[in-house]
Amino acid sequence: MKASNFEQPVSSAHLDNINSSWPDYYDHQAVISKDERLQRFYQAGVATPETIIANTPMVAMDFETTGLSVEEDEIVSIGVVPFSLQRIFCRESRHWLVKPANKLQESSVVIHGITHSDINTAPDLELILEEILKLLASKLVVVHYRFIEREFLARALLRRLGESIAFPVIDTMDLEQRILVKNQRLIDRVLGKPLGSLRLGDCRTRYGLPQYQAHHALTDALATAELFQAQVAHFFTPDTPVKELWY
Amino acid sequence: MQAEQLEIAGFIANYAPFDSLEEAAINALSKQIEVAYYRAGSDILHYAEAIHDLYIVRSGAVETYRRNGELYNRLDMGGIFGQMGLLMNRRVRFPVKAIEDTLVYCIPADLFFDYCDRYETFSDFFESEDNASLRRAVSEQSDNNDLTTVKVKSLLVRDVITVSGETSILQAAKIMTEEHVSSLLVVEAQNKTDPEDGSQGETDGLAGIITDRDLRIRVLATGLDLQTPVAEIMSTDLITLDDEAYVFEAMLTMLRHNVHHLPILKHNTIVGVLVLSDIVRHESQSSILFVRSIFIQPDVEALVHLSQQLPGVFVRMVKEDANSQMIGSAMAVIGRSFKQRLLELAEEKLGPPPIPYCFMALGSMARDEQLIYTDQDNALILHDSYDPKLHGDYFEALANFVCDGLAACGYTYCDGGIMASNAQWRLPLNAWKEQFGRWIEEANPQALLNSSIFFDLDAVWGETKWTKELLRLITDRTKKHPRFLISLARNALNRTPPLGFFKSFVLEQDGQHKKTINLKRRGTAPLTDVIRVHALAVGSRSINSFARLDDIEASNILPEGKVSDLRDALEYLSMIRIKNQANQIEQEQPVSNNVQPDELTSFERRNLKEAFQVINTAQSFLKFRYHAKSPLK
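First to last, the sequence lines map onto chains A and B. Taking our numbering, the leading residue of the first sequence gets 81, the next gets one more, and so forth. Taking our numbering, the leading residue of the second sequence gets 21, the next gets one more, and so forth.
The set of hints was computed from the structure by calculation and includes no laboratory data. Mixed in with the good hints there might be a few duds.
[Unchecked claim] Derived list of chain B stretches under chain A, where covered just means 3 residues or more per stretch with a C-beta under 8 Å from a C-beta of chain A:
| hint | region |
| --- | --- |
| 1 | 24-30 |
| 2 | 51-57 |
| 3 | 71-83 |
| 4 | 121-135 |
All C-beta atoms, glycine included, are put in the ideal place defined by N, C-alpha and C.
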């Protein structure tokens, strides 16, 4: 993959292919990014593929959006919870409401409960970008369903700064699918039985994790961090290299 | 600034001690919490390693262990661990293992100590080994209790009406009618100076009391001249009470002395007269009325019929939030009254006794700790002139009459046969002394196992002074025979408390789960056993466990605070037993001492757990104090 490709918002398929060369990608972006905030983000670096997960600082991230289309919809709230394999650090967690350029859809209001009046006073994403990038810098981002957070953030930055962002993520939904497939009984596989549900709450139930209120960005981020700890405790080891987990 | 963790705040707000914190304090705490996940079977804390947090179980379950690996406790949602380590030297005291997949919330140590400093209810909860929350539960229970908080002085509604001893009966009757009172206090001539210290003591001036009843019995019925001075008909042996006394004490005093008027004193000055009707008005459906009606029943059938109202009396007392001492004494007074009335009826039927005797109550009735119904444990002391050929039939008939009557009234026969109807327990006074002497001197644990009940004894009827002789003998001999206490202490270790609760089960020492728990066998009984050993050790002649605890406290044989712990635990366990029985009566179930954990609130379970912990500690101390190495199996 050529370096020039990185300058454009990249599709998920492309990002997944970066995998083993994330450190190279960061080094490159640190040089070519025009925005100072992005330069600092990339300069902070990223784990090498061989780094073991127990030594990797992580941050769980969740967005609530106006809808599911990267092209048309926008971010309305962001929850971020830093953690390690041993502990989740609530005191470092953050939650923001951000003001989308387009009007809120009634249907999405129903889901995340954020109303027009809530976001009327909220800042534009650009005003809090520095804080967000600082929290993400040098940490491995963990999300549940990687096609939302990484792509919405990339698109939001492209709109505002004229340049995008990319970083590796661990996707707990993808991990769960791999785990379910691996543990599916042969007979069920042959019969084409469906795997279990991959929704965040359903995944958590399999690990004895409590029911949390869904669709609050901060709570979902916390829920994702707990799920990842549980997945590693059951199906991986603390010295699993990150290359086996990230995209 | 950190974001609010709504899930965490919402969760901890439901569990003690966080539920006592204001919302802002809970939110601030929830922002600082760390979260960790442990797979089933993994260790959370290792013995002696450094500990940095207080842990709350969010989901799943954990076990804590003693240093020797013995199971200490099992905790599920809302359970807290790590406090002992934090409070001692920030090293793990009880290792912890996840027994299910477990999510824990961790409160950093510095924040934990900060909250202990700032919030009293929070620090009270963690006071190590001090069972503060149990104490709070007990004191809150009594705060809500009308009869133990209402003082006599608040029931005094009339001015004190006094007359001098020279006043004529006619004049006194007129005053009583005008003032609408049923009694008058008679004082000696006013302004009389005390010869000792020159002060004018008004109590010293109090000479007696006349009541409506005196006018009827001593004046009208005898045709006495109405100009006679009241001093000639007044009652002079006055039973008085301090105005700070509780209504409950006034009630018991009236019962004990069979009087209906109690002069009330404040700093030795008469401030009023409390009349039975004041209490009756205050507590309209009271046990006192029930006791009075026992004595007017003409025969056994009528007593049996009356006894069917007893459950109602019991439930009412519980609903009125009486404490365990009040209920225990009231039920004991009622049980004693049944016995007394049955003995009266027996003497009517069989004729007067050929020789003096004393009917004794044993066990819980003697301790004033009886609940609704208990086994009848009783015995007879006979005069030393007892001759089986001459008197045997009479006392056998008397004992059978009483024991059968009690059984018909709901007091079931004693399984162990400790009843006056058993010839073995109808002994002359000297034979009883020899029997007690043998128990104490031979100190055979096996023999003591079934006879410790005899050490809680009280006279019900007849020559009541004989039981005092027996009690004196017990304390005198105990001093000379230390082996007796060792044997008694060993027996007191036979019945152990459960570890506590886990989910809706009782947790046993071996980690097993059982569905119900017998609160008498596993709670109050082992506790009264422990208290009896200490009480005999300090030479106490009290029989009631709370009175014994006062004697034990005065003698300073227990470490500071331990007596309060025992008192709280006994009160709490007794109340749970009592409330459970009241519920069973209301739901028309058979009355028992069995409690199902899932019918308890989480608050009750927590406090019960602490009460069991107190018994456990007390038994360990017993082993150490009396060298009672192992219980007798």
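Right, here's what the structure says about each hint:
1. 24-30: This one holds; 5 residues, not fewer than the three required, reach chain A with a Cβ under 8 Å.
2. 51-57: Check passed, 7 qualifying residues.
3. 71-83: holds (count 3)
4. 121-135: holds (count 4)
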